[in-house]
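A.B. asks: Chains B, C and D: place on chain A using the hints.
Protein chains: 4
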Amino acid sequence: MKNTFGNNIHFTLFGESHGQEIGMVIDGLAPGIKVDEDFIKSQLDKRRPQGKISTARQELDPFRIVSGVFNGETTGTPIAIIIPNSNTKSKDYAKLKDLPRPGHADYTAEVKYHGFQDYRGGGHFSGRITTPIVAAGAIAIEALRSKGIVIGTHVKRCAGVDDADFSNYSEELAKLNDKTFAVIDDAKEAEMVSAIEKAAADGDSVGGILETVITGMPAGVGEPWFDTVESELSHILFSVPAIKGVEFGDGFAMADMRGSEANDSFYMDGDKVKTKTNHNGGINGGITNGMPIVIKCVVKPTPSIYKEQDTIDMNKLEDSKLTIEGRHDPAIIHRARVVVDSVVALCLCDMLCGRYGTDYLK
Amino acid sequence: MKNTFGNNIHFTLFGESHGQEIGMVIDGLAPGIKVDEDFIKSQLDKRRPQGKISTARQELDPFRIVSGVFNGETTGTPIAIIIPNSNTKSKDYAKLKDLPRPGHADYTAEVKYHGFQDYRGGGHFSGRITTPIVAAGAIAIEALRSKGIVIGTHVKRCAGVDDADFSNYSEELAKLNDKTFAVIDDAKEAEMVSAIEKAAADGDSVGGILETVITGMPAGVGEPWFDTVESELSHILFSVPAIKGVEFGDGFAMADMRGSEANDSFYMDGDKVKTKTNHNGGINGGITNGMPIVIKCVVKPTPSIYKEQDTIDMNKLEDSKLTIEGRHDPAIIHRARVVVDSVVALCLCDMLCGRYGTDYLK
Amino acid sequence: MKNTFGNNIHFTLFGESHGQEIGMVIDGLAPGIKVDEDFIKSQLDKRRPQGKISTARQELDPFRIVSGVFNGETTGTPIAIIIPNSNTKSKDYAKLKDLPRPGHADYTAEVKYHGFQDYRGGGHFSGRITTPIVAAGAIAIEALRSKGIVIGTHVKRCAGVDDADFSNYSEELAKLNDKTFAVIDDAKEAEMVSAIEKAAADGDSVGGILETVITGMPAGVGEPWFDTVESELSHILFSVPAIKGVEFGDGFAMADMRGSEANDSFYMDGDKVKTKTNHNGGINGGITNGMPIVIKCVVKPTPSIYKEQDTIDMNKLEDSKLTIEGRHDPAIIHRARVVVDSVVALCLCDMLCGRYGTDYLK
Amino acid sequence: MKNTFGNNIHFTLFGESHGQEIGMVIDGLAPGIKVDEDFIKSQLDKRRPQGKISTARQELDPFRIVSGVFNGETTGTPIAIIIPNSNTKSKDYAKLKDLPRPGHADYTAEVKYHGFQDYRGGGHFSGRITTPIVAAGAIAIEALRSKGIVIGTHVKRCAGVDDADFSNYSEELAKLNDKTFAVIDDAKEAEMVSAIEKAAADGDSVGGILETVITGMPAGVGEPWFDTVESELSHILFSVPAIKGVEFGDGFAMADMRGSEANDSFYMDGDKVKTKTNHNGGINGGITNGMPIVIKCVVKPTPSIYKEQDTIDMNKLEDSKLTIEGRHDPAIIHRARVVVDSVVALCLCDMLCGRYGTDYLK
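Residue numbers (the working numbering), protein chains in the order written: chain A, 414 to 775; chain B, 414 to 775; chain C, 414 to 775; chain D, 414 to 775.
Looking at chain A on its own, in the form it has when it is part of the complex (with noise of 0.2 angstroms):
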């Protein structure tokens, strides 16, 4: 399905980025959920871009929810959330549309759509297409916790500077959600912010992977063929732009392990069953067992550089040269976070739901 995710529970997202206005359509959340707009605001300020190394476009999220909402609750019917755009500055982007630039949608999108793409800013492609996203992902993230799920990721490798390793979890994850850059070793921010910043200054961009860890997912969610955890979780992940890998508990690592090394071996603690370690990062035969889900995203450097690139000209076709100007993030690793954990928490509650009914999130 295009442009619509999730089987239980629908969402559809619409908006081009230099359009009137962008928003998403949920269909199926259960009445009942509080709706607190306050942390909608908080989650769409981690994505927005501020401070040194993110550009200097003007860009407010100033989101209404005109549907599906009744005194602070939801109502069950479907919630649309839209957010009108401002500070578009549609000249920076005229020159695109015969010249693609590398490593974006440019060329793509117009033989997908023949030249009736609307171009400025990326058209439907633009990463502020993910806002509306946030904001519905931020109702699915309260949603969760009130059922004792919780979301985090932090930046654990940027521009070659590795943060530290998760340690307890529950502790760190809830202080991640309060950061805007999320690394667990705060010392690290420093440290990765002046390499971004030297990139910034070659007129190029970094890259970097995300970490992310769900705590409290019960067992048994999951279907075998063809809705496995990591099937649902990657099919969502890969649409956030930029996202070239997702691998989950030790992943690529796996390749060169044994099985007596790479097996979790399961106990009783108490009356809960749980693995002595996480290799498969709490997902057995496609089915969640109750401990940890580890998943790790690759996010490839920004893909809109200051260097002169060569290109075509789509119009002529011939070999042509470009160089962008306008605003652009030397690195969008530490703003892609909370995407990531918004469409992960869609994804989670499409699945919950599946299993355990509509109401499961009252």
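If chains are identical, the list can't say which one is meant, so a pair holds when it fits in one copy or spans any two.
In the SDA-like style, the derived pairs of lysine to any residue whose C-alpha atoms are separated by at most 20 angstroms in a straight line are:
#1 K560 with Y769
#2 K734 with Y680
#3 K447 with G485
#4 K560 with G770
#5 K720 with D742
#6 K510 with G633
#7 K510 with S678
#8 K689 with N581
No lab work stands behind these hints: they were computed from the structure.
C.D. replies: Just chains B, C and D, lined up with the frame of chain A:
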């Protein structure tokens, strides 16, 4: 959706590995597509355990197509491929009922299905369930080939041994598709088999990395939100047992690249648009750009090992131990390869029909 | 979605009437539901042509369930029911290839499938395809019964003869479900059969109206936009061959009522909410209100008649004539009844599981 | 799927009649389709209450399209149409909270949504929700017209008064689409209005029958199991408030026909295949045959009447009485007409795109 995959063409899987029959229904393939039963048989041979490094289970795959094919061509109505089971030795699995095997789906399926799971041989979770997928995939692979789209996978790395890299896709993909143990450099097969046997001698198992290349896909396929090419392919790949990570193009290696290194510049090759490099694996903004699509998957080491393992007794809810008997492969990566080719083919058919209509593959 | 029905439970049909086998895969039924093969057999008997007013085709339905059921209960994994075909006489249908039968799908299927259609016996369009639906429906009917939900259908009108109306649902529904020719007033069977035989003697056929009642459905089921109870039920009913109209409650008779006549007043019966009348057939605003659901369908007269008919030659694209040979029923309404009960049951299961989660029917 | 309709093109509705805004997102329409805002406005005018027989509610429909359209053409990305609400008088509805109106969804929605329903003005169930559907339908109607497919509906019967029958589709459909009160014989408008006013004077309401004709549909569209043309059209028609029956061709009248009377013989008209009669309403075996599609729907009398009615108090669970105040239409059938045209258009677009691919409507 459970047990059914696809938006335009629907693939539904049924069967338990120790039940009467297993099968797949393919619903939506256009009429007029040639179905070559010999090719289906050769694909099933690549999946079946054979030779020294695979177990001694005598599995046969005498498939039959009971509907949807008439005079060697699809009729346009649902195709049902059914494979009877034989040579099942239920007693090997009786012990399992209460002792979940680490790394397998025994515990999670128990929670999900509350005791009703057909546990014999992993029930619905067995690798054998991939058999009808390979049969169906064979039809898809040939349909795609008739449109100039070629898929091929090699064992890029196994038990610490690396295969050669691709240097000439069309030549190497053609050769790969004739091999049972799919490596580009034939000499590597012996090295890998030796490393696998060493692990087997230790009562252990190994995993590795599969690299898949798809050539000939037209540009413009994919849906930015939420069904990007990466989303759709990873969704079905993560249903294949033992896959724990999927990356596209340079994937996780992009974490340490700069934008100038990761971007793929466009240029004209005659009247065709190409990119000078292919770090993005043929996909920009979730849409194909016409360059070869490159995917890498990690296959974790086979969970069934002969060493004693710690587990629990699910009935008594106390710690226990388990030693697996029966017949188990020390490595399945060389057999997983054809499953990967098959699911990729099914997925591409579905995406192409969404783009070009139900008659595209005729 | 083609050939597959359901949002929460997926039913996929496959097979051609003169192909090897026909079947249905049910994907998503909870584990632990009892499966009674004798009841399935009795339902198939109601569908099969028997006796004087049905044709002499010797159809047998030796079904087998090849997955998803273990020890007489569903396992939660997909259930595959397969029925081999026998006693097919292809030669009866050879002539048809170019001469479409009026009222049948011959011409439209030809256009749809461009000549690849398996034309023998109507291919995928044959009434025989309803066989696996009745088998699957039997499982659904019993699952619903275990939750206190009862479905029953009578031949309300046939060949101008009216059955009695319902006066005591629970008593009459129970009796109906034991009858092969489902009428409330047994005396009407002979009258209807006589009228049918009269049409048969003229080489012609008749139709009629089926009235279905469902008791015990909880209130609150249905989705106002776009999956109302009427939408879902009509959707699947209009897939049953020969049904050309569906109405709920007083249906088309409401065209001439005033609001004061058509509205159903609410009242308390103890602590249960009921309505004094039931003009709306148990559904308000697309959602069940707890009163019996009442549906009427028109079954058009069987298109296969023995009189000569005008048609075209699809090959030469010129006018032609056709006289149908072989074995054909002068009426199928009494056999369509169990198909209606079956599809209604499948649909209700799907809706209930959407509302109450995948475990509802256990 | 809830609140979302379509297999290939997805239409998602959101909004409450007394909430801030209502709207629809259309996801999957090809790029390059002309969007005429004046035509959308004229369609909305047909839906809005106007004149003597409609209530005095001052509803305005100042719609805006906030995405998916650029320079008067669709871009291929989701189209969002948003309509702000105004002139809402919540106090009219406060009393309703505990006293469900007979014939309305008050009680059933209460059960479904457990008290969270936004009850003001029927919440999500209000007829006003049809406004964005009509706006979206306008885009679909014009897209279909550009492919030679024309839809039109007349009030066949209302309050016991019959309109003339069709005698020349192309002429009469064209005229109908310019009328606000859609009758073939203009003289009938006055008769019907008079009968409606008589009911209104009694504090009561009336219903009727709408007859819809679609010309120009290509043959071969529809999926025998389970998405026949009748299935798809009835599915969306039964979502329109007040529709309680749908029939195709001669529908329920076929109950009393013989096969020789009901069959439509084929003949050649030049090189086009046609049928001499059209009892089957253009559909054979669930697939279009190229003849005009004929549909009839019954619209029940408006449930909101001024007479006192018996009901219950949902809070105290005891019998009660209710007299509805505020502004209510004695008939809505003449306004439901454009809603029927709209949903039929949305449905046909979806079916055609499934058959011919996403670019069909360009």
